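Asks: Protein sequences, first through last, are from chains A and B.
Residue 34 is where the first sequence starts when you use this note's numbering, and the numbers rise one by one after that.
Residue 34 is where the second sequence starts when you use this note's numbering, and the numbers rise one by one after that.
These are computed hints drawn from the structure, not numbers from a lab.
Quick caveat, the model's predicted, so the values are computed rather than measured.
Please note: incorrect hints may appear among the correct ones.
As the list makes no split between identical chains, a pair holds if one copy fits it or if it spans any two.
With a straight-line Cα cutoff of 25 Å, these simulated DMTMM-like cross-link-like pairs (lysine to aspartate or glutamate) come out [unchecked claim]:
1. K220 x E210
2. K175 x D213
3. K222 x E186
4. K220 x E186
5. K222 x D180
6. K220 x D203
7. K230 x E122
8. K175 x E148
9. K175 x D203
10. K222 x E210
11. K220 x E236
12. K175 x E106
13. K175 x D141
14. K222 x E236
15. K230 x D213
16. K222 x E122
17. K222 x E183
18. K222 x D203
19. K230 x E210
20. K230 x E160
2 protein chains.
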Amino acid sequence: MPQGQTPSTPDDGLTTRQRRNRPLVVVHHGAGKGKSTAAFGLALRAWNQGWSIGVFQFVKSAKWRIGEQAALEALGEVHTSTGQGGPVEWHKMGSGWSWSRRAGSEEDHAADALEGWREIQRRLAAETHGFYVLDEFTYPIKWGWIDPHEVAETLSSRPGHQHVVITGRDPHPALIEVADLVTEMTKVKHPFDSGQKGQRGIEW
Amino acid sequence: MPQGQTPSTPDDGLTTRQRRNRPLVVVHHGAGKGKSTAAFGLALRAWNQGWSIGVFQFVKSAKWRIGEQAALEALGEVHTSTGQGGPVEWHKMGSGWSWSRRAGSEEDHAADALEGWREIQRRLAAETHGFYVLDEFTYPIKWGWIDPHEVAETLSSRPGHQHVVITGRDPHPALIEVADLVTEMTKVKHPFDSGQKGQRGIEW
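Chain A on its own, in the form it takes in the complex (with noise of 0.2 Å):
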């Protein structure tokens, strides 16, 4: 449990307040379920905090994530008519970004990936957000469109208080190393192993 004594004080020259409120960096990965419904349920908990919500998905078509798009997107909506919660932004690659001009040029993915990394990067320097959800970025890092280091640096240098989910296989060294927080996923049995086929309200 995260009270109590933790196991060393660091000399860093923060108080416990300061320490304790310090935004972190989240890694899940491993081929294990529960990556990006992680990501999303501690969004809820960033939403209740009345924080500013972002999601941007790198990967995934819209079929696998509706679900949770849906939902996150009616909180949204709760806290425009009621004020309850936070804003909530949902962002996707492939059917182009909702702030791009490029939608429809679904060809060039990692022009795509390049273009939402620079609009995340222009976030974090305006502190647009307080939870970011970078949904399946290891991807377009793993295949060479992102460079790496260029991510840990950006995101160990924002400022403000401004946390980042980072969800996906395979994260580059980088980002484990400026992580703060990584859990790693391991699947211990599926159903697809025994015949079953993925189903809508637990796949997407």
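Assemble chain B onto chain A, guided by the hints.
Replies: Same frame as chain A, but now just chain B:
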């Protein structure tokens, strides 16, 4: 990805469609973060399907789930007012289950836990919910308060289309045996290790 050919096609007399839509028992365990947050992330998908969501918290104090609870209950209110998504019920042990008259009897945790499980059995028999989260349910089983074999029998014989997600460390082998999908969350790196305590919006 859960599309395409599965490694084996079981000789269970089911069509692919029947097998695909078979309801799941899911277990999230391990020492890492994300067991409960991934369960609540799945609840977003279930909500979007219009399923009734039932959350049953077996251990943690109200503080630790306040973000998820507020967000999921807000989604339940969206359902009530607009018809989008499904209804949400949230019940917790400790301050008394909401269906129970024993509120205030916080001394007898074992009896409280068993009472919660009995209610879940009644709901499973009545097909009350489409999606259940039994949060931290592994612990009352581990502590001998609830019989794991009875749990396994109840889960494996439950009627209709009811998904059940169980979270917590050290699940009894009978739970793993009855589960369709098991993920272990492994701690790779945690800010607590470098002297950072839990913070709002991340831990609760």
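Asks: Taking the hints in turn, state whether each one holds.
Replies: Status of the hints after comparison with the structure:
no.: 1; hint: K220 x E210; verdict: both (24 Å within a copy, 15 Å between copies)
no.: 2; hint: K175 x D213; verdict: within (20 Å within a copy, 31 Å between copies)
no.: 3; hint: K222 x E186; verdict: between (37 Å within a copy, 19 Å between copies)
no.: 4; hint: K220 x E186; verdict: between (31 Å within a copy, 24 Å between copies)
no.: 5; hint: K222 x D180; verdict: between (34 Å within a copy, 23 Å between copies)
no.: 6; hint: K220 x D203; verdict: both (14 Å within a copy, 16 Å between copies)
no.: 7; hint: K230 x E122; verdict: neither (31 Å within a copy, 29 Å between copies)
no.: 8; hint: K175 x E148; verdict: within (16 Å within a copy, 50 Å between copies)
no.: 9; hint: K175 x D203; verdict: within (8 Å within a copy, 34 Å between copies)
no.: 10; hint: K222 x E210; verdict: between (29 Å within a copy, 10 Å between copies)
no.: 11; hint: K220 x E236; verdict: both (15 Å within a copy, 24 Å between copies)
no.: 12; hint: K175 x E106; verdict: neither (29 Å within a copy, 38 Å between copies)
no.: 13; hint: K175 x D141; verdict: within (16 Å within a copy, 52 Å between copies)
no.: 14; hint: K222 x E236; verdict: within (15 Å within a copy, 27 Å between copies)
no.: 15; hint: K230 x D213; verdict: between (35 Å within a copy, 12 Å between copies)
no.: 16; hint: K222 x E122; verdict: neither (34 Å within a copy, 29 Å between copies)
no.: 17; hint: K222 x E183; verdict: between (36 Å within a copy, 21 Å between copies)
no.: 18; hint: K222 x D203; verdict: both (20 Å within a copy, 15 Å between copies)
no.: 19; hint: K230 x E210; verdict: between (36 Å within a copy, 19 Å between copies)
no.: 20; hint: K230 x E160; verdict: between (41 Å within a copy, 24 Å between copies)
In the structure shown, a violation is registered for the earlier hints numbered 7, 12 and 16, in ascending order.
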